[in-house]
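Fit chain W to the supplied structure of chain A, relying on the hints for placement.
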Amino acid sequence: MIEASDLTVERGGKTILESYSLSLERARILAVLGANGVGKTTLINTLIGILKPKSGRLSIDGPVGFVPQLFEVPFAYSALDIALMGRARHLGLFGAPGRKDYEIVRHYFHLLGIEHFEPQAFNALSGGQRQLVMIAQALASECELLVLDEPCAALDYKNQDKVLALLEHLRDEHAMTIVFSTHMPQHAVEIATDALLMLSGSDYVCGPTADALSAENLSALYDLPIARADFKGLSKHTYAPVFRHEGGRLIG
Amino acid sequence: MSSSSAKVTASRTTTAAAGRKLGSGFVLPALICLLVAVTLYSVTIGRYDLSVADVTYILIDNIHPVVTPNWDPVQEVVVEQVRVPRILAAIIIGFGLSISGAALQGLFRNPLVDPGIIGVTSGAGFGGTLAILLGLQGYLLLTMAFLFGIGSVFLVKLLSTVRGRTSMLTLVLAGVVISAFFSAAISIAKLLADPFQKLPAITYWLMGSIASSNYLDVLLVAAAVIPSAVAIYLLRFQINILSLGEEKARALGTRVVLVQWIVLVASALISAGVVATSGIIGWVGLVIPHVARALVGADHRRLLPVSGVMGAIYLLLVDDLARTVTTAEIPLGIITALIGVPVFAVILRRLHAKGGWSSD
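Chains as they are written, first to last, in the numbering used here: chain A, 1 to 252; chain W, 1 to 360.
Source of the hints: derived by calculation from the structure; they are not laboratory data.
Wrong hints could be hidden among the right ones.
Stated by the list, open to error - If we take Cβ atoms under 7 Å as the criterion, some of the chain A residues that face chain W in the derived model are:
id : residue
1  : F66
2  : A76
3  : A88
4  : G98
5  : Y102
6  : E103
7  : I104
8  : Y108
These numbers come from a predicted model, not from an experiment.
Here a beta-carbon is modelled for each residue, glycine too, at the ideal position from N, C-alpha and C.
So here's chain A without its partners, still in its complex pose (with noise of 0.2 Å):
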C-alpha cells in the first residue's frame, strides 16, 4: 500500500526528514512516534500529498484520506456539510454534491453510529465527535489509505477507546490500511500491527509492533527511562514513563 525508499522532505529550505524507508502493507495499522519537532506532521504531509518529497519515492496505490488534529471552522456548518466536502475529488471543479453522495456520507454515518449528528453544528460538538465526523469525512472520499494526525490527542480515555475500536473496525472488516501519529505507546500496542518509532530526521525503527516497540527503543527514542507494564489478570500490556527519574533534571 505504502513503499517508500530514501526519502528527503525539506521544508521551508531545511531538511526534516533524511532518507526514511518504509513499506506498510494492505489492511495493516501504522503508528507513528515521536517527540514533539521530530518531524511527524511532515511524514503525514508528505503521505497525504501536500509536501512533495525532495527525492527517494514515495508510491501510494489507492486514495488517500486524511482527518487533521482536533478541528474547527472559521463558519456554521452542519456535521453533514463537513462530511459531505469529503466527496470533493469525485465532483470536478464545478461540481456540488448530488443524491448519490448524500447516500455515501450518510451510509459512513450510519456505520460509525452518529446519524443524529446529521444536523448539527459542527462547532458545537465535542471534540470526540468532531473527531467521528472527520473520520466520516475520510471515509466518503472512498480513500483506502487513512491518515490521521494524533486522532487521540484532547480527547478522554473513554473516547480514545472507542477511536482506538472503530479504527480496529476499519482494518478488521473493512480491510482499510490506516496510518496515525500518537504520543501514548499503548495507542500503538493496542491496535498497531506495525510501528515507527522517529528517533531524528534520519534516524528511525520501523518494524512490526511486537518488534519495534521494546521499552530499549522507547527510552531511546523520549530520552527517558520508559518501562514495560503489564496489567494484572489480562493478557495486555502498556509502556509507562519513568516521570522524575533520578529526581528529576530541571534544563540545562
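Below, chain W without anything else, positioned relative to chain A:
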C-alpha cells in the same frame, strides 16, 4: 432603518450556530418575490408619482402593446429612460458586490473581508480620479477605472507571492497596502485638481452614485457582474472546501490555487465594473453576507444566491432612499456606510462574544 436592520442581524446570529436552518429552501424564492415587489415599487416613487398599475402597463407595453395607452409620454420617458436603468444598475451592483463578498469571506476564512480588501476598489477609484483629472469622460473614464482596478489585483497577487506560493494572510495584507497606496494617490490627485470644477466632480464620483445611469452603464456593469457571478456560483462547493483551510482543501483533492484565482479575478471584475460605472459603494459586500449567513447558514451553495438577491434588494432600497429623502441626491456610498457601520459594529460584537473567528 439602521437600527431595525441591526436588530434583525443581532437576533438571527444566535440561531446561526444551529447549523442548517429550518425551511431554508423557502428563503430564496421568498427573497426573489420580494425583489420583484421592491423593483415595481421603486419604479413608482420619485418626483413623478405613478401607480404600480401604470408602471406595469408601461413596461408590458414594450413586449405586448397595450391597446389604449392611458399614460402621458413624459411618464413613459421617466419610467423607461430614467428610473428603469438606475434600478437595474442598483440590482446588478447590489447582487454582484454581495455575492463576491460572500465568496471572498469563505475563501479567506475571514468574515471581515469584503471586495475592497483585495485592492481593486481603491485601484479603480484612482483610475477614475486620474481620468477626471486628465479631463477624460464617459467611456475613457470607465476604461481607466476598470484597468486600474484589475491592475491593482495583479499587483496585490504579485506582492503576496513568495517563491511561487501565496498565503491568504499575505494576500490580505498586500491588499491593505495597495489600497493605502491608491488612497494616497487619490489624495494627491485631489490636491492637484482644479478646486472649482474637477475637485467636486472627483469627490462626487468617488462617493458613489447611480443617478445618471443609462442603459450603456447597465450593460457594462452587467457584462462585468453576470459572468463573474456565474463563475463564483459554479465554484460554490469548492469555496465550502476552501473555507476549511488551504491544507485541508489540498488534502481533499481540491485545486486550491485555481479556485483562488478564479474567485479573485471574478471579484476584481465585479468591483472594477461597479466602481467604473458608479464610484465607490462600500459596506454592501461586507455586511450583506453576514445577514444572509444568519438566514441560511454557512453553506455557500445556499449562501451565494441568497446573498446576491439580498444585496440587490438592499441596494435598491438604499437607492430609493438616496433619491427620495431630500430634493438633492444623496450619494449611495454615504448611505451604505451610514447603515453598514452600525450593523457591522453589532456583528463584530456578537462575533467577539462567541469567541471570535480568529481560528486560523
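Comparing the hints with the structure gives:
no., hint, in the structure
1, F66, "4 Å, holds"
2, A76, "5 Å, holds"
3, A88, "4 Å, holds"
4, G98, "11 Å, violated"
5, Y102, "12 Å, violated"
6, E103, "17 Å, violated"
7, I104, "14 Å, violated"
8, Y108, "15 Å, violated"
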